[in-house]
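Residue numbers (full-length UniProt numbering), protein chains in the order written: chain G, 1 to 229; chain A, 1 to 222.
Warning: the hint list may mix true and false statements.
Stated by the list, open to error - Distance condition first, Cα-Cα at most 27 Å in a straight line; then the derived DSS-like pairs of lysine-lysine: (1) G:127 x A:38; (2) G:87 x A:4; (3) A:78 x A:187; (4) A:84 x G:87; (5) G:227 x G:211; (6) G:78 x A:152; (7) A:222 x G:227; (8) A:141 x G:43; (9) A:43 x G:141; (10) G:84 x A:222; (11) G:117 x A:221; (12) G:170 x A:38; (13) A:221 x G:119.
By construction, these hints were calculated from the structure, which means they are not laboratory data. From a predicted model like this one, the values you see are computed outputs, not experimental measurements.
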Amino acid sequence: MSTKPKLYYFNGRGKMESIRWLLAAAGVEFEEEFLETRDQYEKLLQGGSLLFQQVPMVEIDGMRMVQTRAILSYIAAKYNLYGKDLKERALIDMYVGGTDDLMGFILMFPFLSAEDKEKQRVLIVQKATSRYFPVYEKVLKDHGQDFLVGNNFSWADVHLLEAILMVEEKKSDVLSGFPQLQAFKARISSIPTIKKFLEPGSQRKPVPDDKYVETVRRVLRMYYDVKAN
Amino acid sequence: MSGKPRLTYLNGRGRMESIRWLLGAAGVEFEEVYLETKEQYEKLIKDGFLLFQQVPLVEIDGMKMVQTRAIMSYIAGKHNLHGKDLKERALIDMYVEGISDLMQMILMFPFSPPDAKEKNLESIKERATNRYFPVFEKVLKQHGQDFLVGNKFSWADVQLMEAILAVEEKVPDVLSGFPQLQVFKSKMSNMPTIKKFLQPGSPRKPPPDAHYVETVLKIFKK
Numbered sequence: 001m002s003t004k005p006k007l008y009y010f011n012g013r014g015k016m017e018s019i020r021w022l023l024a025a026a027g028v029e030f031e032e033e034f035l036e037t038r039d040q041y042e043k044l045l046q047g048g049s050l051l052f053q054q055v056p057m058v059e060i061d062g063m064r065m066v067q068t069r070a071i072l073s074y075i076a077a078k079y080n081l082y083g084k085d086l087k088e089r090a091l092i093d094m095y096v097g098g099t100d101d102l103m104g105f106i107l108m109f110p111f112l113s114a115e116d117k118e119k120q121r122v123l124i125v126q127k128a129t130s131r132y133f134p135v136y137e138k139v140l141k142d143h144g145q146d147f148l149v150g151n152n153f154s155w156a157d158v159h160l161l162e163a164i165l166m167v168e169e170k171k172s173d174v175l176s177g178f179p180q181l182q183a184f185k186a187r188i189s190s191i192p193t194i195k196k197f198l199e200p201g202s203q204r205k206p207v208p209d210d211k212y213v214e215t216v217r218r219v220l221r222m223y224y225d226v227k228a229n
Numbered sequence: 001m002s003g004k005p006r007l008t009y010l011n012g013r014g015r016m017e018s019i020r021w022l023l024g025a026a027g028v029e030f031e032e033v034y035l036e037t038k039e040q041y042e043k044l045i046k047d048g049f050l051l052f053q054q055v056p057l058v059e060i061d062g063m064k065m066v067q068t069r070a071i072m073s074y075i076a077g078k079h080n081l082h083g084k085d086l087k088e089r090a091l092i093d094m095y096v097e098g099i100s101d102l103m104q105m106i107l108m109f110p111f112s113p114p115d116a117k118e119k120n121l122e123s124i125k126e127r128a129t130n131r132y133f134p135v136f137e138k139v140l141k142q143h144g145q146d147f148l149v150g151n152k153f154s155w156a157d158v159q160l161m162e163a164i165l166a167v168e169e170k171v172p173d174v175l176s177g178f179p180q181l182q183v184f185k186s187k188m189s190n191m192p193t194i195k196k197f198l199q200p201g202s203p204r205k206p207p208p209d210a211h212y213v214e215t216v217l218k219i220f221k222k
């Protein structure tokens, strides 16, 4: 029996991608089971593995964890990526909350109509450049350290890098007004575990395509009519 | 200068209500500043209080905290309501996040267009009775303890209590199939800090009305 965490999700990013990033950043190997059919999903439901009938689900340390935020918090704490005390944890939670909200605009993007996609793209870039990126730019500028919190690599850094790369996929020069973030991106990308995760052949998933959207809709029987924010 | 936490939000439930509940349950007194105008909100942004230009804002222990979950996690951690170890914390987090998904439906309800209200109400009832309440009914039945996690009062109990009352406001007989939850509700109501929070005159806010919705739109709509 493997003691590696096992991830249950679609073969695509969605809500599981942040968990893949964090495990990888922590240097933790993991297995994945990909949901491809409605039957598989119903079997998981009937077997009682999904506490609230939803994925992501991660089998880890004898638990069947659900709820993305709970899973991420557990992994961060277990692998010392959650600050050294309550106040550092509070900062990390705040920063992750921000990047989570930003990535939330991108999460539903693949499910939108072509017209709504254009509107959403504009919204994503606007939120990134006027609300979120300036905050992290300032944090880094003010303390001059390599990492967002406590001069130590943490969950907040992993999450921000993930968000930066996702927004860049929507607008490649989006970091042009953010020199600190450019340096941050280069620095964090060269951390060995992250560098490995960014290489081809890793468990990082590609930008969601129509096949991914079709699979999610078919398996969950949901998300047929998603509107832009 | 008061050492009490200071909450900045509208004079209504919204995303701040869970924070009021948690502070109330922990027996922590707090102050509140109510946003009533767009100008007040814009001034807060201009003065650098709102990290992501959003409320809730809670000034606590020298920090200007934003992001509801971050705030609640901090309060829970500080007041020993977040379990005794990582695994208890994981359970509490799972339960809280699940309940929060249900609460999100209630949060958005007052803002639904009139022709969607009945459908949304039905969704709240369906989710509560088929997805969320059965989980906690089962948890309580299986371990037979008073509290959800680790035989000790925690953030998860507070959040569940808040959710039960919020759903009951919309679906009065929603607990009829859940005997464990009925007992749970009664036990929680009798805990001194919660009992106090449930009394008139406490910081607990009433259900959102048209005036609240109007104020939200006035302050935040672009």
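Results for each hint:
no., hint, verdict
1, G:127 x A:38, "holds (20 Å)"
2, G:87 x A:4, "holds (17 Å)"
3, A:78 x A:187, "holds (24 Å)"
4, A:84 x G:87, "holds (18 Å)"
5, G:227 x G:211, "holds (19 Å)"
6, G:78 x A:152, "holds (23 Å)"
7, A:222 x G:227, "holds (19 Å)"
8, A:141 x G:43, "holds (24 Å)"
9, A:43 x G:141, "holds (24 Å)"
10, G:84 x A:222, "violated (40 Å)"
11, G:117 x A:221, "holds (22 Å)"
12, G:170 x A:38, "violated (32 Å)"
13, A:221 x G:119, "holds (18 Å)"
Consistency note: the structure conflicts with the earlier hints numbered 10 and 12.
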